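Take the given structure of chain F and dock chain S to it, following the hints.
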Amino acid sequence: MKKLVSVVLLLLAITVSGSLIAQDDGDRLVGVWEPSHGKAKVKIEKIGTKYYGKIVWLKEPIDAETNKPKVDKNNPDEKMRSTPLRGYRILKDFQYTDKNEWTEGTIYDPENGNTYSCIIKMTDENTLDIRGFIGVSVLGRTDIWKRLKMPSKKK
Amino acid sequence: MFRQKLGIMLLMSVGFCQFAIGQTDTTSTQTEEEEDYSMYDNLDFVDEAAKRFAPAKIKGISPAKLITVGYDWQGKYDITAAGYTTSEGTFAEQTATVNSTQGLRLEANIPVISKNSLIVQVGARLWDINYDFDNPTSLTNPLLTTLHNNDLASMGLNSTIFKPLNEESFLLFQVSADMNGDYQFDDPQNFRYTKYSVAALWGKRPTDYKQWAVGLSRTYRGGDLNYIPVVLFNWTSPTKKWGTEILFPARAHVRYTVNPRNLLFFGYEAEGYSFRIGNQGQARPDQDFDDLEIRRSELRFRLMYERQIKGFIWLSAQAGYRYNYSFNVDQIPDGEDFYRGFFGDQEFIQENELTNPLYVSFSINLVSP
Chain F
1286 MKKLVSVVLL LLAITVSGSL IAQDDGDRLV GVWEPSHGKA KVKIEKIGTK
1336 YYGKIVWLKE PIDAETNKPK VDKNNPDEKM RSTPLRGYRI LKDFQYTDKN
1386 EWTEGTIYDP ENGNTYSCII KMTDENTLDI RGFIGVSVLG RTDIWKRLKM
1436 PSKKK
Chain S
375 MFRQKLGIML LMSVGFCQFA IGQTDTTSTQ TEEEEDYSMY DNLDFVDEAA
425 KRFAPAKIKG ISPAKLITVG YDWQGKYDIT AAGYTTSEGT FAEQTATVNS
475 TQGLRLEANI PVISKNSLIV QVGARLWDIN YDFDNPTSLT NPLLTTLHNN
525 DLASMGLNST IFKPLNEESF LLFQVSADMN GDYQFDDPQN FRYTKYSVAA
575 LWGKRPTDYK QWAVGLSRTY RGGDLNYIPV VLFNWTSPTK KWGTEILFPA
625 RAHVRYTVNP RNLLFFGYEA EGYSFRIGNQ GQARPDQDFD DLEIRRSELR
675 FRLMYERQIK GFIWLSAQAG YRYNYSFNVD QIPDGEDFYR GFFGDQEFIQ
725 ENELTNPLYV SFSINLVSP
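Sequence lines, in order, name chains F and S. Heads up, the first sequence is in the numbering used here, so the first residue is 1286 and it goes up one at a time. Heads up, the second sequence is in the numbering used here, so the first residue is 375 and it goes up one at a time.
Don't take each hint at face value.
[What the hints assert, rightly or not] Facing chain F, according to a computed beta carbon distance under 8 Å, are these residues of chain S, among others:
no. : residue
1   : V420
2   : S488
3   : F686
4   : L740
[Stated by the list, open to error] Straight-line C-alpha distance at most 20 Å; calculated PhoX-like pairs for lysine-lysine:
no. : chain 1 : residue 1 : chain 2 : residue 2
5   : F       : K1344     : S       : K614
6   : S       : K615      : F       : K1353
7   : S       : K425      : F       : K1344
8   : S       : K431      : S       : K615
9   : S       : K615      : F       : K1355
10  : S       : K684      : F       : K1364
No lab work stands behind these hints: they were computed from the structure. Nothing here was measured: the structure is a model prediction, and the numbers come from that model. Just so it is clear, CB atoms sit at the ideal spot from N, CA and C, and this is done for glycine as well.
Chain F on its own, in the form it takes in the complex (with noise of 0.2 Å):
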């Protein structure tokens, strides 16, 4: 019986230490980022196994319709059509696979309130191939991210 147990701790230590390991590898995505348009910068986050991205900047932050800060204005949900843009959460749910690439996600494009499947690839430790595509990767467009230096917190 005590052998018994010992296998199973020592199984169960292999285990959570090699979640950590990939947890870890997977934790590079985090970090702020810019898309090649320039226009925002997104903040990447992980809450709970997931990662997610907010804009955090905005090179035009004011609508110049309204002459108010930009909101979702165009969010097919028109509940959600208030909501502001800075502090929107456009990439959500991904998780990272061994490969250098986090799947399962989506990305939202605010021009045009569509959310598209999306695939994020970092080609180094500062660029990321985002991959936004309707239903088959073929179907798709590719923008370069590139990371930003993190900003140090205020006093």
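The following block gives chain S in isolation, referenced to the frame of chain F:
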């Protein structure tokens, strides 16, 4: 023993906690806590060599179509086919009424490389153009009998390459290879009759709301081969309500955005191809001229409405006036084309006239992200 049981329970608790954390509600798109966003104002790239490139699109521009299934219909009009003489005799000028010209239009444009520094799109196109003559048994002019018997078909492959040079400048290339004639899709004409069109432009995108480019093209938009300058000008107003989508002289439209899922356009498009007729060695009344091509070009002045049906499926509906620019016939031995341009004096075999009907066109489209 107690310690071992405690250890197992502890590990199970950790596992359960991780599972519970994994269930955190992340559906909210608003931030859960107030954050000082000013800290993100001035951030540099970690990789100092990182470059920004001019995007291919501007704000507010209509979505690119990946797959299109459409139907085109022109109303009643008259064709006056010119007379001409062969060794078999003289074929008199004849005017016939076409009740409608209509057909399916299938197109696909798939991005094969889609990166910030390079976009390469490859496309295919297949058009069926059917001529429904009023009183077809009365047709005697070979051009009219050919159209009645065989209709016209057009298919082609094309590629568009967008190469940004830096944050503002870009190059744009378009190439296409088209096979147009009175062939059937299951028995296409010889590849040596393929027509090639090319355009190369250099341009700038000074703001997110404007891009322009200038260049040169080898084109069949006017029906016969021509080399002409081209100008691209895409613009969107700051409110995104108004804009232009222009690739002159091929097309020019003013855009009004009702909302991002409902767009209205007013403008024109020039459609032109050179269609080879009687080109498969078949015995025809025009066998003295077994190398004929209809230089078909029409201007379509139109009002166009595009709207999202659901998700990435969009409807496009257009109605307007089809103005015939050219329906003349040239002799092109072995498909070796010649350049007439705007000022050449080479004579046509037939100079034909068409009256101008109203037309409508519908398509269902899968649009690009």
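Practice item. Would you settle whether the hint for F686(S) is holds or violated, based on the nearest Cβ-Cβ distance to chain F being less than 8 Å? Key: At about 5 Å, which falls below the 8 Å cut-off, the nearest Cβ of chain F leaves the hint on F686(S) intact, so it holds.
**Study point:** Restraint check for K431(S) with K615(S), where alpha carbons must lie at most 20 Å apart
**Key:** holds, 16 Å
Exercise for review: Compare the distance between the alpha carbons of K615(S) and K1353(F) with 20 Å, and conclude whether the hinted pair is satisfied.
Suggested key: Cα-Cα ~17 Å, so holds.
Practice item. With a cut-off of 8 Å on the beta carbons, see whether L740(S) makes it to chain F. Key: holds, 7 Å
Point to revise | Holds or violated: K425(S) to K1344(F), with C-alpha atoms at most 20 Å apart | key: holds, 17 Å
Check your understanding: Close enough to count: is the Cβ of V420(S) nearer than 8 Å to one in chain F?
Key -> holds, 5 Å
Review point. Does K1344(F) pair with K614(S) here, judged by a C-alpha cut-off of 20 Å?
Key: The hint holds at about 16 Å.
Exercise for review: Have a go at the S488(S) hint: is there a Cβ in chain F nearer than 8 Å to its own Cβ?
Suggested key: holds, 5 Å
Review point. K615(S) and K1355(F): Cα distance at most 20 Å?
Key: Satisfied, since the Cα-Cα distance of roughly 16 Å is no more than 20 Å.
Review point. Within a Cα-Cα threshold of 20 Å, do K684(S) and K1364(F) meet the stated pairing?
Key: holds, 18 Å
Comparing the model with each earlier hint shows no violations; every hint is respected.
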